[in-house]
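Participant: Single-letter residue listing:
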Amino acid sequence: MDPAGTDDVTATLFGQAAVPRDVGVFEFLSSSQYWTGAGGILTSLWDTVVLCGAVALVATLIAVPLATMLAHYGRGELSVTWIVTLSRAVPTFAIAGLLVPISLRRGWGFEPWPIFIALLLLALPPIYLNTYTAVKDVDRGVVDAARAMGFNERHVVFRVEMALGTAVILAGIRVAAVQVVATEPIRAFLGGDGLGRYVRDGLGQNNDSLLLAGAILVATLAALTGALFGVAQRLALPPGVRRLARARDR
Amino acid sequence: MINRLIEPSSGRLEINGTDILDQPVTELRRNIGYVIQQVGLFPHRTVGQNIATVPRTLGWDKQRTAERVEELGRLVGLEAAMFDRYPDELSGGQQQRVGVARALAADPPVLLMDEPFGAVDPIVRNRLQDELLALQQQVHKTIVLVTHDIDEALRLADRIALLNVGGILEQYATPDDLLRDPANEFVEQFVGQDRGMKRLTLKTVAELPYTQGPVVDATATTTEALAVAEAHGVDWVGVVRDERFLGWADRTDLTNGAVMADLPVARPSARVTPDSSLRNAMELIMTGRTSVAVIDDGGRFGGVVTLDTIRSSLGSELGS
Amino acid sequence: MSIVAEAANPIIRWEWVVDEWDQIREALVQHIELTVLSVALGSLVAAILSAIALRYRPMTSPITGFAGFLYTIPSVALFGLLVPYFGLTRTTAVLPLAMYTLLILVTNTLAGFDAVPSAVRDAADGMGLTPTQRVLKVELPLALPYIIAGLRIAVVSTVGLVTVAAIIGQGGLGRLILDGLRRTFWTPMTIGAVLSIVMALLLDGLIYGLGRMATPWTQRARTT
Numbered sequence: 521m522d523p524a525g526t527d528d529v530t531a532t533l534f535g536q537a538a539v540p541r542d543v544g545v546f547e548f549l550s551s552s553q554y555w556t557g558a559g560g561i562l563t564s565l566w567d568t569v570v571l572c573g574a575v576a577l578v579a580t581l582i583a584v585p586l587a588t589m590l591a592h593y594g595r596g597e598l599s600v601t602w603i604v605t606l607s608r609a610v611p612t613f614a615i616a617g618l619l620v621p622i623s624l625r626r627g628w629g630f631e632p633w634p635i636f637i638a639l640l641l642l643a644l645p646p647i648y649l650n651t652y653t654a655v656k657d658v659d660r661g662v663v664d665a666a667r668a669m670g671f672n673e674r675h676v677v678f679r680v681e682m683a684l685g686t687a688v689i690l691a692g693i694r695v696a697a698v699q700v701v702a703t704e705p706i707r708a709f710l711g712g713d714g715l716g717r718y719v720r721d722g723l724g725q726n727n728d729s730l731l732l733a734g735a736i737l738v739a740t741l742a743a744l745t746g747a748l749f750g751v752a753q754r755l756a757l758p759p760g761v762r763r764l765a766r767a768r769d770r
Numbered sequence: 007m008i009n010r011l012i013e014p015s016s017g018r019l020e021i022n023g024t025d026i027l028d029q030p031v032t033e034l035r036r037n038i039g040y041v042i043q044q045v046g047l048f049p050h051r052t053v054g055q056n057i058a059t060v061p062r063t064l065g066w067d068k069q070r071t072a073e074r075v076e077e078l079g080r081l082v083g084l085e086a087a088m089f090d091r092y093p094d095e096l097s098g099g100q101q102q103r104v105g106v107a108r109a110l111a112a113d114p115p116v117l118l119m120d121e122p123f124g125a126v127d128p129i130v131r132n133r134l135q136d137e138l139l140a141l142q143q144q145v146h147k148t149i150v151l152v153t154h155d156i157d158e159a160l161r162l163a164d165r166i167a168l169l170n171v172g173g174i175l176e177q178y179a180t181p182d183d184l185l186r187d188p189a190n191e192f193v194e195q196f197v198g199q200d201r202g203m204k205r206l207t208l209k210t211v212a213e214l215p216y217t218q219g220p221v222v223d224a225t226a227t228t229t230e231a232l233a234v235a236e237a238h239g240v241d242w243v244g245v246v247r248d249e250r251f252l253g254w255a256d257r258t259d260l261t262n263g264a265v266m267a268d269l270p271v272a273r274p275s276a277r278v279t280p281d282s283s284l285r286n287a288m289e290l291i292m293t294g295r296t297s298v299a300v301i302d303d304g305g306r307f308g309g310v311v312t313l314d315t316i317r318s319s320l321g322s323e324l325g326s
Numbered sequence: 023m024s025i026v027a028e029a030a031n032p033i034i035r036w037e038w039v040v041d042e043w044d045q046i047r048e049a050l051v052q053h054i055e056l057t058v059l060s061v062a063l064g065s066l067v068a069a070i071l072s073a074i075a076l077r078y079r080p081m082t083s084p085i086t087g088f089a090g091f092l093y094t095i096p097s098v099a100l101f102g103l104l105v106p107y108f109g110l111t112r113t114t115a116v117l118p119l120a121m122y123t124l125l126i127l128v129t130n131t132l133a134g135f136d137a138v139p140s141a142v143r144d145a146a147d148g149m150g151l152t153p154t155q156r157v158l159k160v161e162l163p164l165a166l167p168y169i170i171a172g173l174r175i176a177v178v179s180t181v182g183l184v185t186v187a188a189i190i191g192q193g194g195l196g197r198l199i200l201d202g203l204r205r206t207f208w209t210p211m212t213i214g215a216v217l218s219i220v221m222a223l224l225l226d227g228l229i230y231g232l233g234r235m236a237t238p239w240t241q242r243a244r245t246t
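Line order of the protein sequences matches chains A, W and F. Numbering of the first sequence is given in our numbering, commencing with residue 521 and proceeding in unit increments. Numbering of the second sequence is given in our numbering, commencing with residue 7 and proceeding in unit increments. Numbering of the third sequence is given in our numbering, commencing with residue 23 and proceeding in unit increments.
Treat the hints with caution; some may be incorrect.
[As the list claims (entries may be wrong)] Below, a sample of chain F positions facing chain W; criterion: calculated Cβ distance under 8 angstroms:
#: 1; residue: ASP147
#: 2; residue: THR152
#: 3; residue: GLN155
FYI, nobody ran anything at the bench for these hints, they're computed from the structure. Predicted, not measured: the structure shown is a model, and the values here were computed from it. We put the beta carbon where it would ideally sit given N, CA and C, even for glycine.
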């Protein structure tokens, strides 16, 4: 079998990026003709952003409430130990691969369910872990004081525990998002598109410019995602806590 | 600083006449036993291996090391069964014993103890202090012990160096001198308001210039007894037979010329031994029926202690 | 697209497994080789980086920051970036895989050394152990549980990531997965995916077992 995969079913299925070999990396990335249009970089970028955004959103909607509730009622301590161990080891490619035939049989196609679920499994652990520890680590004195002032459980959860834990929860979402964006490109090898297609097509066409450009695009998006959430994380710190954090750092 | 975990900035530190800076630091440390508050046993090594650390680094052979470990175990009161356990399986007191054994392993002339009993509860601390005193009777080391507990210092030390914040030496004296004659206000504050009582704790009955007191033999007559009582200016005498103290006879009973043995005597209510602290003796005198404590020296009558003898032993400065 | 008739394309067809056993074994061996090479290289570099960070504390942040940065580079991108220089070779597969192990290995090693109680360190110094003896005989053994925990995660995640190296023609079991996907023939894909997951679990268990044997003091509970 030709490792470069010129007989790549998925590639031919979704149409390859048509870029002449003599176009350099810089030229490719700076010419608007490759960005716009039906098969342009913007379309691929959008594909990736939509999928990753959906994964991050769904993972957040599942993991945050679940972890908050469990931590609030002091349950599921064991889950944390397990998830810490497993979280770094989710074999996304293998899981997505296993899901493809199932998805096809149900008539859902190659895309996007297998990769969506595989990425979801990747995104859940960091969010769950950070939320759990964030809520768990809220000063019990503060919680008791809130109760003493007549906060009901809902108030305690939303106004105290989650409010104080926001930055840590966001940090979890950040880790998840970066991992999802970094892993999403394998979708191009699972019958999908997204930014990973340039790497795939670069490999398939033996076109180093395309390959490098694809790698740069994918890496840049991951870095941007991290930076973006980093800013959000800083803004989410309550001013009082922010001051404290600064004072501690000093 | 003695073992150069902190380097001295100035001055000289000598052990047996050798400047500590004149030898390799590791060699210096191997010749100084070191015991710290948190014990610092190696959790990944068994008790036996912990004790054997310095002998092994000094290159002792297995046989000699094993014998030494066993010997030390006996010395500090560890059962041999514990040698194969890990430190985490021992109680705090046992761990500290292992710590002491480990420090003594290569028979260093000097033992450094940095708050060795700070982390254990008061009851265990007391016992470990007793054990340390007993151990010192056997090993005769130069022990430098750092503590924040003035009572511990007073109890264990031959000499105390009292350091203020910043390492300023406020006084260097024997425990008794420190209590009797504090060098300044800081020392006085530090040893506490009750330094008189503390001195009583330090001193033993044996140190008193005690006397036999007004006692007569059981074979004596009442007339002889009366003379003794009058000579001492008291209205009672003690009765002794075969070096044993029988009890007290009241002066009002000393009338008919009988032999003392036939008189009714009140059994003594306060007994102390020469090893008892003066504080202990005073307590017995205060709570007993008589104002005198009898010294019982292993069954033999040793003499009597009164509040007056105790007071005079502390020196006049306490009365003022 | 036309999918091969369902009956002809079950999730797993055992005759294929028997017929193509040589190919499967080859993929297994390559998978293990790539994993071991990557983790070994990663461990070596992580050991050096950790030693530097432990010796020169201010270097800790830059080193973990660098390892963290490497970790966030998408694997597809990293493989892609190296292809123009090293081609579709084993080197191109191993370098990124080794880079990804650095973060967890360095972090856990440093955490392990940090977890050595300062009293134990003081005691070691106070008893006259040389710095080298202290590190090798006291600190390293005590850090071992953390290092092993890091190694387990590194190995398990590397086993998973090796499959991705299939895109550059390496990848061991990943090639079976990719091959199955390309041909929409599920047997090799299932075999590749399942075996890679089983391999991860087995290697994890193996290191866990070896780790327990190497750290007997961690198993006995405090009796008091």
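Participant: Going through the earlier hints one by one, which of them does the structure break, listed in rising order?
Facilitator: none
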